[in-house]
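One-letter residues, chain by chain:
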Amino acid sequence: IFYLDKPSPCLFIHFIGLNFSFNNNMNDFVIGSDILDIGSRKVDLRKRNQIAPAGSPPFLEIPNELPVPPVNNPAEFVRSNFSSACGNSDSKQEVKFAKGTTTLAFKFNGGIIVSVDSRSTMGAYIASGTVKKVIEINPFLLGTMAGGAADCSFWERNLGTQCRLYELRNGRRISVASAAQLLANTMASYRGYGLSMGTMITGWDETGPQLYYVDDDGTRLKGRYFSVGSGSTYAYGILDTHYRPDLTVEEAVDLGKRAIYHATHRDAYSGGINNLYHVTAEGWKFIHAIDVNDMHYQFEEERQNSMQE
Amino acid sequence: MDTVLAITFKGGVVLAADQSNARSIISYQSNIDKIKELTSHSAMGVAGPNCDLVRFTEYIAKNLALYKLNHDGTQLSTKAQANFCRSELAEALRKGPYQVNLLLGGFDKDVGQSLYYMDYLAALEKVNYGAHGHASNFCLSIMDKEYRDDLSEDAALKVIDHCIHEIHTRFLISQPNFMVKVIDKDGVRVVKFGGDPADT
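First to last, the protein sequences are chains A and B.
Counting in my numbering, the first sequence runs from 11 upward without gaps.
Counting in my numbering, the second sequence runs from -8 upward without gaps.
Chain A with its partners taken away, still in its complex shape (with noise of 0.2 Å):
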């Protein structure tokens, strides 16, 4: 997934979920193998294994922070080597990491809509078609990403372990605003390290519907509606457009999905598949997954129609 054009010398970079090995030097990583290997545990279930024989329980690893590199002033090397910002302020980077996207999610009388495109780029590159940007943190929480793929799927799945604790810990569900107060203070530790993530934490709890937006520099904001990504200036022009409070489900699920396909039709770094969800006291529900593609000729097809008539 990632093509590497020169290696650094000397230097071991370890992210979590990713091993790199440029020093022949090192012990426990061989070169090529680890290449070949992204994505995939084996290395961390070795070195777990010599700590814990097996048969025993896989003990939860949060980090409470992340391995940085061994140089003078790592936040700044980090973001300046392996940031993944907007546009193509990455370009001299080696790595350009995966990034592009629309997402919205908007408060309406019938609870709440989340949609979101499907297409993750690196630079000029599509590398994906059918990326999941929405992600079911429990059955009442959902959370978008928009910004680096890795920064956004790590961080949301961190944020779903540290749920999960606080529903053991406290005997009952977490409300959204303490959801996305976690998130935002995970991301306010980490500021001036070159993360990108924009997200929406949304979900029902005791207080109702509740919609905040959660940056990679420590923004929350509760909303009525938000879009976010490289596409969200076109579906915003949509949601300012047409959007009421008192919208039936039906209108609200049409205008979630027009929304995503006018940013998809402009932005290049946004397409794929619509993915749209919809949340009520009773929790989320998907509701569909349309090519963005089929929608433009239907769409099509619906205003030859109606200028006949």
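Hints listed in this document are in silico derivations from the structure and should not be mistaken for laboratory results.
Please note that a few of the clues may not be correct.
As the list claims (entries may be wrong) - Heads up, simulated BS3-like pairs for lysine-lysine below, C-alpha to C-alpha not over 27 Å straight-line:
(1) K232/A with K183/B
(2) K1/B with K232/A
(3) K232/A with K142/A
(4) K1/B with K117/B
(5) K183/B with K100/B
Stated by the list, open to error - One-sided excerpt, in silico: chain A residues whose CB lies under 10 Å from chain B:
(6) R182
(7) R183
(8) S188
(9) A194
(10) A198
(11) R201
(12) G202
(13) D227
(14) T229
(15) S237
(16) Y253
(17) L257
(18) T258
For each residue, glycine too, the CB sits at the ideal point set by N, CA and C.
Chain A is fixed; fit chain B onto it per the hints.
Same frame as chain A, now just chain B:
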């Protein structure tokens, strides 16, 4: 990019702040309340990124509440609160600085109204009026001309209105909504706002 304005009058302080939160070319919200109440008779208008704004104001407000609980209901004076804020900013400056500029206003029974100007480098100064952000370039001259020692509350609100009108006329960035609060002997109250912060 945020705007915070403040002016003292005979018997209190007027604080005003814009209500927008934006990133690059997108405005995310325009009903944010950036004037945080610290105690019953003091509040601070804060300019800076949302993260630091929330973290710093909640930290200060909760510490002031804790002081009151620990000291039999005694509240810190505005001067003491301002110096506490300054020392927290200064200590964090070389570790993980809060990028906030603030105007802290309060009313004490013995001293009357007071306004303190603080910036992100932990400078502190007691002033009669002040402004933070790019808007300060436009508004300080208006306040310099129109400030008097014996302003009434209505006159002070009028000065703030002149400043907001100037921002809407000349400032490049759109800040359509402003929150205006007054602190006097009866406490902190909201005078007017453009966007309702509870409308979320």
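Now the hints, each set against the structure:
no. : hint               : result
1   : K232/A with K183/B : holds (21 Å)
2   : K1/B with K232/A   : violated (37 Å)
3   : K232/A with K142/A : holds (24 Å)
4   : K1/B with K117/B   : holds (16 Å)
5   : K183/B with K100/B : holds (25 Å)
6   : R182               : violated (23 Å)
7   : R183               : violated (21 Å)
8   : S188               : violated (14 Å)
9   : A194               : holds (7 Å)
10  : A198               : holds (5 Å)
11  : R201               : holds (7 Å)
12  : G202               : holds (9 Å)
13  : D227               : holds (6 Å)
14  : T229               : holds (4 Å)
15  : S237               : holds (8 Å)
16  : Y253               : violated (14 Å)
17  : L257               : violated (17 Å)
18  : T258               : violated (22 Å)
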